[in-house]
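Trainee: The residues making up each chain are set out below.
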Amino acid sequence: MNRKSLDLWVGFFVAVGFFAVLFLALRVGNVSSANFAETYRLIAKFDNIGGLKVRGPVKSAGVVVGRVTEIHFDSQNYEALVTMMIDGRYRFPKDTFASILTAGLLGEQYIGLDAGGDEKMLQSGDTFARTQSAVVLEKLIGQFLFSKASETPGGK
Amino acid sequence: MLETALEAIRSIGHRVNDALQTLGFAARFLAMILLYSGQSFRRLRLTIREVYFSGFQSLLIILVSGLFIGMVLGMQGYETLQRYGSSEALGVLVALSLTRELGPVVSALLFASRAGSSITAEIGLMKATEQLTAMDMMAVNPIARVVAPRFWGGVVSMPLLAAMFSAVGVFGGYLVGVVLIGVDEGAFWSQMQGSVDFYLDVWNGIVKSFVFGAAVSLIAVFEGYDAVPTAEGVSSSIKRTVVYSALAILALDLVLTSFMFRGI
Amino acid sequence: MSAECLVRITGVSFAYDDRPILGGIDMEIPRGKLVAIMGNSGCGKTTLLRLIGGQLKPTGGELLVDGQSVPRMTHDELYAMRRRMGMLFQFGALFTDISVFDNVAYLMREHTDLPEEMIRDMVLMKLNAVGLRGAHRLMPAELSGGMARRVALARAIALDPMLIMYDEPFAGLDPISMGVIGQLIRKLNDALGATTLLVTHDVQEALLIADYVYFVSDGQIVAQGTPEDIRASTDPFVHQFVFGEADGPVHFHYPAVPFEEESMSGMGHA
Chain V
1 MNRKSLDLWV GFFVAVGFFA VLFLALRVGN VSSANFAETY RLIAKFDNIG
51 GLKVRGPVKS AGVVVGRVTE IHFDSQNYEA LVTMMIDGRY RFPKDTFASI
101 LTAGLLGEQY IGLDAGGDEK MLQSGDTFAR TQSAVVLEKL IGQFLFSKAS
151 ETPGGK
Chain W
1001 MLETALEAIR SIGHRVNDAL QTLGFAARFL AMILLYSGQS FRRLRLTIRE
1051 VYFSGFQSLL IILVSGLFIG MVLGMQGYET LQRYGSSEAL GVLVALSLTR
1101 ELGPVVSALL FASRAGSSIT AEIGLMKATE QLTAMDMMAV NPIARVVAPR
1151 FWGGVVSMPL LAAMFSAVGV FGGYLVGVVL IGVDEGAFWS QMQGSVDFYL
1201 DVWNGIVKSF VFGAAVSLIA VFEGYDAVPT AEGVSSSIKR TVVYSALAIL
1251 ALDLVLTSFM FRGI
Chain E
2001 MSAECLVRIT GVSFAYDDRP ILGGIDMEIP RGKLVAIMGN SGCGKTTLLR
2051 LIGGQLKPTG GELLVDGQSV PRMTHDELYA MRRRMGMLFQ FGALFTDISV
2101 FDNVAYLMRE HTDLPEEMIR DMVLMKLNAV GLRGAHRLMP AELSGGMARR
2151 VALARAIALD PMLIMYDEPF AGLDPISMGV IGQLIRKLND ALGATTLLVT
2201 HDVQEALLIA DYVYFVSDGQ IVAQGTPEDI RASTDPFVHQ FVFGEADGPV
2251 HFHYPAVPFE EESMSGMGHA
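Same order as they appear, the protein sequences are chains V, W and E.
So in this note's numbering, spot 17 of the first sequence is number 17, and the numbers just go up one at a time.
So in this note's numbering, spot 226 of the second sequence is number 1226, and the numbers just go up one at a time.
So in this note's numbering, spot 75 of the third sequence is number 2075, and the numbers just go up one at a time.
In short, the hints are calculated from the structure, not lab data.
Because the structure is a prediction, the values reported are computed rather than measured.
Be a bit skeptical, because a hint or two may be false.
[What the hints assert, rightly or not] Listing some non-contacts, in silico: residues in chain W with all C-beta distances to chain E over 10 Å: (1) Ala-1019; (2) Phe-1068; (3) Glu-1088; (4) Leu-1175.
[Said to hold, decoys possible] Negatives, chain E to chain W, calculated, CB over 12 Å: (5) Ser-2013; (6) Glu-2110; (7) Arg-2155; (8) Ala-2191.
[What the hints assert, rightly or not] Okay, the calculated beta carbon distance ranges per label pair: (9) Pro-2030/E - Phe-1210/W: 53 to 59 Å; (10) Ile-1009/W - Ala-2141/E: 46 to 52 Å; (11) Glu-1185/W - Leu-2138/E: 27 to 33 Å; (12) Ser-1235/W - Asp-2160/E: 36 to 42 Å; (13) Ser-2144/E - Ser-1235/W: 22 to 28 Å; (14) Gly-11/V - Met-1032/W: 28 to 34 Å; (15) Glu-2142/E - Ala-1019/W: 38 to 44 Å; (16) Met-1032/W - Gly-2193/E: 34 to 40 Å; (17) Phe-12/V - Gln-2055/E: 38 to 44 Å; (18) Phe-12/V - Ala-1019/W: 40 to 46 Å.
Ideal Cβ positions, reconstructed from N, Cα and C, are used throughout, including at glycine.
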């Protein structure tokens, strides 16, 4: 094995290796959607976040506009504090409504933003004024049964 | 009766003693490799040569195995997912299993039996035929000249091989899932891209394979250097390289996984 | 005397753990001479070479090479000394993954910055000296035992060493190759102005070429002298060794209990 052809094959090997990493990064994973170029931070308080996870998506009108970066429990108010980074290109009014929604019946949970009509925009570090917690299936079923039970005697 | 019990305890003691001694020597050996690496990097050609032997020559087995494993994942994954009506998530399943676990682990196991065993055999035979002693007598440090290049060759090759394994595996899953079975192509890729994170999944997989590469290479060069210089001794060293590498890969995988994917 | 003496060994002893190999050896190897160390297998001859090369440290005594104490050398000093030594190993120890040419060029490439054309000329010269210039493209696996030994010899003298050590250069060779190697050892010593230390158990061949001979047995020097002295010696050990008698001071049997005793009690272990 002479030097030149050895170098050639090693070079080929390394190139294919880097190509594979690139393929994994760009085609399999998605570097671009995970890291927005410029972001700002918003905070939302929820009574219950359900199954929301760190790195979960933040969507508005179905478009991913940011990611959840931190989830804490606020022991003063007994609420969940969710921090998210929003893509700097998108701005939302002060009275935007943040709610925790579920993709499909059993899919992953995400934060949905419904824009309000306020003139002023949310700045980095602001907190959402109005939020809606996750729908917990057990509670929903409980409420349903309770209302059924209370309406039955009246009906007869 | 007491005699046999004592004898058993004594032999356990001996074994523990031997094992600790070997471990200590291995640690000292790693320190020596790192110490003399500077010397061997000054002649980079030696390491490039080893990248050729352990990396390039493992290419075929890695690519073929990766393709097959990806195709099997595609079939089995589809089989299970379609019961829950979510066969579009096939891409996610294939890509995550490969980048997080199967890519680094299976390619490291293949690497240990393909390249690791041949490194051990080569160094062991050089020792058995007095080539290492001869080198030392010729004022050429065998660790800088023979051991360090093989170690670094393995460390460099392993992450590249694991990345190729995963990439080809994803392609295999695509072939079976999309081309053969007919899962929607757009859903296959977009769901995959939505759930596979570069840092968390791809990068952690590369870190894993780097650690496995270092472990397998160290075991291989150490077993070769520590071999009993006879035909029998070299063959049992090769066996130990494969067995210890497999155990080390799986144990390290458990440790690394529990660090990387904790609570997410 | 010390200026005349390249290697001076005084009272050197060596033991593996508790097993003594050498016990108090005194030896002087004068510059420019060819000294042979002879003895039966396992008497510690190879150990002596390793001690001189600094691969082993003696448990006692003093060992000087060119006026410097080998056991007290640092790693770098040791490597500097070894660059001026050449050693031929028992079975050649050629690097099997590179060609004959590269084997001989190995040290020149490792230790010098000579241009490749000059290395090429030097390698072919060395190979010519051992009569194998035509074989420089072959791989070590394609060589016969005697040829491999000659290539190893060319490699040992690649950097014109001051001291050349041979560990059993005649082992496993046919009589013709043996004579060829013997004559080469003598000629190279004289042509290079080097000092040669030859360890062997092949008495006849060694007596033909050596200037001075030491006999070692059980880690001790039992006889020494010029080849003429040795041939004329009446010492029973030397006599047995030189004429290859089966029994004498060196017994045919490994120490054992009397045969009758063993056959009575030993069956259970068989």
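Trainee: Are the hints correct? Go through all of them and say.
Mentor: To see whether the hints hold, each was checked on the structure:
The beta carbon of Ala-1019/W sits about 20 Å from the closest Cβ of chain E, which is more than 10 Å, so the claim that it is off the interface holds. Every C-beta of chain E lies more than 10 Å from that of Phe-1068/W, the closest at about 33 Å, which supports listing it as non-interface. Non-interface status of Glu-1088/W relative to chain E is upheld: no Cβ of that chain comes within 10 Å, the nearest being about 53 Å off. Taking the minimum C-beta to C-beta distance to chain E, about 40 Å, the non-interface status of Leu-1175/W holds against the 10 Å cut.
Taking the minimum C-beta to C-beta distance to chain W, about 22 Å, the non-interface status of Ser-2013/E holds against the 12 Å cut. Not every CB of chain W lies more than 12 Å from the CB of Glu-2110/E, the least distance being 5 Å, so the non-interface label is violated. At roughly 8 Å, the least C-beta separation between Arg-2155/E and chain W is not larger than 12 Å, which violates its mark as non-interface. Taking the minimum C-beta to C-beta distance to chain W, about 21 Å, the non-interface status of Ala-2191/E holds against the 12 Å cut.
A hinted range of 53 to 59 Å for the beta carbons of Pro-2030/E and Phe-1210/W is consistent with their spacing of about 58 Å. Roughly 50 Å separates the CB atoms of Ile-1009/W and Ala-2141/E, a value that falls within the hinted 46 to 52 Å. At about 58 Å, the CB distance of Glu-1185/W to Leu-2138/E disagrees with the hint of 27 to 33 Å. Separated by about 40 Å at the C-beta atoms, Ser-1235/W and Asp-2160/E satisfy the suggested range of 36 to 42 Å.
In this structure the supplied range 22 to 28 Å holds for Ser-2144/E paired with Ser-1235/W, their Cβ-Cβ distance being about 27 Å. A hinted range of 28 to 34 Å holds for the C-beta pair Gly-11/V and Met-1032/W, which are about 30 Å apart. At roughly 43 Å, the beta carbons of Glu-2142/E and Ala-1019/W sit within the given window of 38 to 44 Å. Checked against the given bound of 34 to 40 Å, the beta carbons of Met-1032/W and Gly-2193/E, roughly 37 Å apart, stay inside it.
For the hinted restraint 38 to 44 Å between Phe-12/V and Gln-2055/E, the CB-CB distance of approximately 42 Å keeps it satisfied. Judged by the Cβ atoms, the range 40 to 46 Å given for Phe-12/V and Ala-1019/W holds: they are separated by roughly 42 Å.
Checked against the numbered hints above, the structure violates hints 6, 7 and 11; every other hint is satisfied.
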